[in-house]
Amino acid sequence: MELPTLQDLNLAVTLPSMGLALWACVVLAVGLFLPERRRHWNLVLSLGGIVALFLYNLTLFDLPADRQSAFLGMYRADNFTAFVNLIALVTAFFGVLMAYEYLKRTHIDRGEYYPLLLISTSGAMLMGASGDLAVLFVALELLSIPLYIMSGLRRPNAASEESALKYFLLGAFSSAFLVYGVALVYGAAGSTDLSEIFHRVNAGLILDQGLLLAGAGLMLVGLGFKVAAVPFHMWTPDVYQGAPTAVTGYMSVGAKLGGFAGLLRVFIVALPAVSGAGDATGWQDTIALIAALTMILGNVVAIAQRDVKRMLGYSSIAHAGYILMGAAAAGSPDVRDFAVSASLFYLLAYAFTNLGAFAVTVAIEKDDATNPQLDDFNGLSKTRPVLALAMALFMLSLTGIPPTAGVVGKFFLFQAAVNAGMVWLALIGVITSVVSAFYYLRIVVNMYLREGPGEAQAQRSFLGVAVGLAAVGTFVLGVAPVLFLDLAQRAVLVALGG
Amino acid sequence: MEPAPLNISAYVVLSAILFAMGALGVLIRRNAILVFMSVELMLNAANLALIAFARFYNQMDGQILVFFVMTVAAAEVAVGLALIVVIFRTRRSINIDELSRLKD
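Protein sequence lines, in the order shown, are assigned to chains A and B. Take the first sequence: its letters are residues 1 to 498, numbered as in our numbering. Take the second sequence: its letters are residues 499 to 602, numbered as in our numbering.
Calculated from the structure, these hints are not laboratory results. A couple of the hints might just be wrong.
Now the stretches of chain B that chain A is said to cover, found in silico as 3 or more residues with beta-carbon under 8 Å [claimed, not checked]:
no. : region
1   : 528–537
2   : 556–563
3   : 581–587
Covered stretches of chain A, going by a simulated chain B footprint (3 or more residues, C-beta under 8 Å) [to be verified]:
no. : region
4   : 162–171
5   : 393–404
Glycine residues also receive a C-beta, built at the ideal position from the N, C-alpha and C atoms.
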């Protein structure tokens, strides 16, 4: 066998994720030598790296076919990867920006936050890019392990430690399911390469159908934990409530993005030929059922929450359900391309909206280690009108009311489900969206119609920038979705070429 | 030289039993370290299956994946034990039933 040359490895296209991991090492090394008063260099370096890679990543759309694979097929550099990278870098940007002042005033300004966040982001990007089950597994751990540490960053705060240990134990548990699933799929198909698995399954060259189904099921469990799908969601509210708010904000989008990128890669590239009824693939009904349960449980339980972070935790479960609806629709071959781009668009819309909502939550959080409650929003429109306006926009977007990103995203997802013949699923989506209005709009009511304590807190500039940018993103995606939908539509998985 | 034919189903069944024991341990055990050890058992069950399949197909892929799993498991141990130590310092206990501050 000939050794691959450096050119075969095609390193340049892997730069967004690899470069981010390398840059994290630089930030870590520099951070070690920063004295107290120069700590802002952590922020500057992290943001600089993220922005530079974001711009570079824009050149990676529509690569010629011979440049679309790197590391001999282990890394896929198609439009799907480029779009996932784009969302991941946006998430990391907000994650860094909203944490800077928060870490300072809660006295957890440990330099590790920034490299950990960057490494975790590179894991999310790699999950979207994986062309092999081995890469998928390593990427999942690269995404998860830094998140365990970040959840516990506020030690010796008991809630933060508890959330870190819970997240760690359940995360490791779910990875074990994923690995065992990988082992069984490898055993059934005789390969870990995603397109090779597809070809073998398609040609009927598998060892045992039961082995393949069991493997696929276990992988679905493992990834279901990561995206917080019912019934694998138990950890989500506890972890979201206990982790430092900025970390929760990053995690709510970053981990979900990685999980969905991996899920779509595996189930649409490798396993579409697993037999099922009619044209649809065998896993479509299962994922549709999980999506329905996730939407219902997330939205219904969120109503009862008083703690804002816990409520947003249940809300994030509900949104995982909406995206899973897209994944289920992608099981029908005719709808596949549209459903994948609808899911990606929704992830982008969700990233802006949810990060914005968390940035506002960070802004109203007090310094005394208590979590913000729904009543803390009372009278916000008087004391900080701009912040209240932005929060109202995010809440409208999470509910799915125009003119915001959320409504456009939901519209595409419902359309995908209907086109795939799953009208019942789309109906559940619409009904649960109406239910969700109850708890989202309660915050708006608290801000505008209730009287608050009337004391304005100190303005925080970086956080203000984060809120502003998120609001602009939410609004622009809502009024001019064409710009990004076109990009997302080009991001369909070119799976079957091999 | 061709390796001797392998009775693959025996290995798969053994690994499934180990995996089930690990999963049961995670659900039943209350000590964080024992829960974590059960997770390791699950990972090693997967490793056994991977190696058996690699031998069955006479390929290297499965064996290489085992190295990745072992490396990642080591990274997880490093983080997990650190978290358990931190928790023990604050609470003097690593019983996961006592981790119940966070709830509705």
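Structure-based check of each hint:
Beta-carbon proximity to chain A at under 8 Å applies to 4 residues in the region 528–537 of chain B; the threshold of 3 is reached and the given coverage holds. Taking a C-beta to C-beta cut-off of 8 Å, the region 556–563 of chain B contributes 5 residues in contact with chain A, enough for the three needed, and the coverage statement holds. Interface restraint, the region 581–587 of chain B with chain A: holds (5 residues with C-beta to C-beta distance below 8 Å; minimum three). Counting residues of the region 162–171 of chain A whose CB lies closer than 8 Å to any CB of chain B gives 7, which reaches the minimum of 3, so the coverage claim holds.
Counting residues of the region 393–404 of chain A whose CB lies closer than 8 Å to any CB of chain B gives 0, so the stated coverage by that chain is violated, three being the minimum.
In summary, the structure is inconsistent with hint 5 from the numbered list given earlier, while agreeing with all the others.
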